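Chains as they are written, first to last, in full-length UniProt numbering: chain A, 1 to 357; chain B, 1 to 330; chain C, 1 to 265.
It is worth saying that the hints were derived from the structure and are not from the lab. Be aware that one or more of the hints could be misleading.
[Said to hold, decoys possible] Using 25 angstroms as the maximum straight-line C-alpha spacing, the simulated DSS-like pairs for lysine-lysine come out as follows:
1) LYS32/C / LYS213/B
2) LYS49/C / LYS213/B
3) LYS333/A / LYS349/A
4) LYS32/C / LYS68/C
5) LYS198/B / LYS132/C
6) LYS49/C / LYS127/C
7) LYS198/B / LYS127/C
[Said to hold, decoys possible] Covered stretches of chain B (chain C as the covering partner; in silico rule of three or more C-beta atoms under 8 angstroms from a C-beta of chain C):
8) 198-204
9) 210-217
Treat the numbers as computed from the prediction; the structure is a model and nothing was measured. Ideal placement from N, C-alpha and C gives every residue a C-beta, glycine not left out.
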Amino acid sequence: MQITWNSIRFFALFTALLFALCFEALATQVQNIDWAKAAKASDISLSETQKKQLKDKKLTAALVWHGASPWITAVTRGAQDAFAQLGVEVVAVTDAQFDPAKQVADLENISALNPDIILSLSVDGISTKQSYQKAISQGAKLVLLSNPIPGFQHGKDFFGIVTDDMFGMGKAAAELVNRSVEGQGKVGIIYHDANYFITNNRDNAFKIKLQEFENLTVVSQRGFIKESETSNIAAAMILQNPELDAIYVSWDAAAEGVVEALRSFGNKKVKVITHDLGVNNLLDMAMSRNMFGTISDRPYTIGSSMAYIAGLAVLDEPTPLFTLVPYDTVTKKNISTIWQHAFKVPVPKLLDLALQQ
Amino acid sequence: MSVSQVNNPDFKARASEFISKKALKREYFIYYIFIAVLLLFAVALHDTAFFSFANFMNIIRQTAPLTVMAVGLTFALAVGHIDLSIGSVVALSALVGAVLLQHVGTPLAVLGALSVGLVVGVVNGLLIERLQVSSLLITLGTMGVITGLARQFTNLESVPIINSNFTGFFGAGEIFGVPSLLIWTLIIAGIGYVVLTKLAFGRHLLAVGGSPKAALAMGIQVTRVRIYALVISSMAAALAGLLYAGRLHGARYTLGEADLLTVIAAVAIGGTSLFGGRACIIGAVLGSWLMGLINNGLILSGFSTNEQMIARGVILIAAVAIGVKEMKNG
Amino acid sequence: MVRTALDQVALELSNLGKSFGPVEALKNVSFKINKGEVVGLLGDNGAGKSTLVRCISGIHAPDKGEVKVNGTAVQINTPLDARKVGIETVFQDLAMIPEFDIVDNLFLNREIKHKNPLLAKLGWLDKKAMQKRAKKAINRLNSRIPSFDTQIQSLSGGQRQAVAIARAVNWGADIVIMDEPTAALGVEQSAQVNELINVISSQGVAVLLISHNMQHVVETCDRAVVLYQGESVADVAVDEVSKEDLVALITGAKSQAQIAEIHAA
């Protein structure tokens, strides 16, 4: 049996190495970006005259998203509100369900509507590139969310990328972990083990920043691919490292599994830190259980910034290559404020009740 | 062996008895696999927390919804149907339960969630029988419809549950010091076992799966039995949804999404035929525990995620190969 | 095999008919079977033999005509109806579940329930009682059967046939219909089945035997009923006609009246 085991291990390592090499080549290509030159969301604005000019043009826009979630709904709302000020009509909103083939079809369908503006998050820059190109050639101005498209030129093919301050968020998460254990403790990391621009950058920035805190020790690091895996991973981690004080996990929905695993062990000690806002975890946080805090971006602002950049592009004004949208550190105290800030909707009833207790 | 020996009727009788005992061995297949994988991990992971009571309880808790789904699916497979809609029923039932809990007490919310299973099962069954179309196509269709409904129902928002009665009863709580998820697993497996092996209804299910024509000729109401089987399958999935909701203190539309193939694999490896007529509840339970075991062992092994995926496939095939070999020797 | 005049009629069919859409599979079938009598049902392919079997055993409901069992008119719409009035059928494919053992097949849908009334209501099986009765049923036919937990699929053709017949007789049936019981069997096994038929008819059971093996019919049957294009065209005592006569009746070359004339001459 031992022999079988070893050969499995060898074979697995070998294959993994091959894959890793392939991905490495791709990853380095997109990540050479000078973030110091990025603009801030607050820098993006249009004058009243510019708004008037746009209104007269009676433009149309299409929003081509990668998936569907409350977060994307908030981005859409931000874009729609901003477009309303500019007299732009949103003619289509699509959800690719994280499938590049579906997104290609979405883009082809949208081209038939001939929109003047496309706001989009590309599921996979390489396989969707052709379809974007077709829409652009018909005169649409493209503004991207987070993921760049390899080979596209700023000012010609697209007019800017609006993104979270991924590095800032990762760093802030590390600081929050430090705060949760009051400067000393053992930390577990559950990171996103797939080639994905935002989560990879956030996780890496987190890991680098965490090293600065000398009294924090990372005792376990595990990757996951699907959100549904984190519960089992966290359970194994806690069993293996009973002395654990805090767990960082890549994003909110994935953190639900971690909180669940802690709960089923009756573990009230371990603090969980993550990114994004989700009702279930905020409720846990409001009730002072395992969830300690989260770093939240501002999807509504992302949407409105994208819309304004598209407006500037239509008027042939210069637009920044990168625009960073700020983030907030959320703990029990400021849940309600941040929620309304990020989503521009009232706090869900149940969460509101829990907060008032 | 002499000719007279072969022609001896007693010898023939004994020979055919021997052959049929061998055929029965297929049911023991899962035991070999289970023990082989357990030993493999016990040796390879001796320096981790793998071989501990706490970890085994952890695995049983984690796999409770899978086990319940596996028991339910065994009934559908027993009559020769496949039920692809179970994963989506998990999500919708959990969401319905979670939303109802904001307005009514636990019993009514549970009733509401389980009725999702009831309705889906009846619809699946009636469509298959009325249209005479394969269960694969019909349940693929209903899976789409239910997934869409689950996404639509709360607009992709996850719904939290703060009712501690509910979360204790279905989730991480304990009843008389025993984890409730373990109790659920045992109750559902026990009911499934009794129904399938001790009750006339179980005989009828397997008869319908083994030979619908013969069952019909013997006066069994084949259509009705098939519909019952699908109702059981999707009600078990609805219960699994409640177990997830209890564990997670909330529901979201992605629940159960990744479970369908795991459950089918668990049931098949446990000795249930994918084409009807042969079903084994203990096998289904052990099969789902095996899936949990492999998953847990690989996480503890320190492999990267990609390596884990490869190793999971390799272990599954190796385990089946070992099982087949043991069976031939035994 | 001479029967006495005291024979009572077990099954009587009058003017039975059944259509499938425009196709009239059975037009006008009438005949009787007495208790303890073995009647052969003969006919070419497509003459309506299978449809008739299905009508009597409750798989199809007949469109017209009357079925009388022991002198009482009965309605047979489902297999259960047929069983209730005492008609058991041994189907050509035997209607057995290959994966089930002998006991489970013998008692399929007629399981013996647990003595505890509560458990019985749930449908809890009394496996011991079923095993005991299964042994009795098989012994009644003097058949050699290996252990009772043997799966049907690992039995020989003759053994399966014996189990199927045992199942039919086990329920105290007055009438047993057998659809081509020897079609798939070798010479020795066919002889065993013939023996079984003699055993049950001597116990007072009326047997309707569907076969196109003329030899088989001549050996085991008292009378033969001939179906031709969905109608019963002849009802003859087997020892009063020759094989050639039967063939002529089946193919429609001669009528029963013509044959009677020839014999009288």
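Each hint, compared with the structure:
{"no.": "1", "hint": "LYS32/C / LYS213/B", "result": "violated (29 angstroms)"}
{"no.": "2", "hint": "LYS49/C / LYS213/B", "result": "holds (19 angstroms)"}
{"no.": "3", "hint": "LYS333/A / LYS349/A", "result": "holds (17 angstroms)"}
{"no.": "4", "hint": "LYS32/C / LYS68/C", "result": "holds (9 angstroms)"}
{"no.": "5", "hint": "LYS198/B / LYS132/C", "result": "holds (17 angstroms)"}
{"no.": "6", "hint": "LYS49/C / LYS127/C", "result": "violated (37 angstroms)"}
{"no.": "7", "hint": "LYS198/B / LYS127/C", "result": "holds (9 angstroms)"}
{"no.": "8", "hint": "198-204", "result": "holds (count 6)"}
{"no.": "9", "hint": "210-217", "result": "holds (count 7)"}
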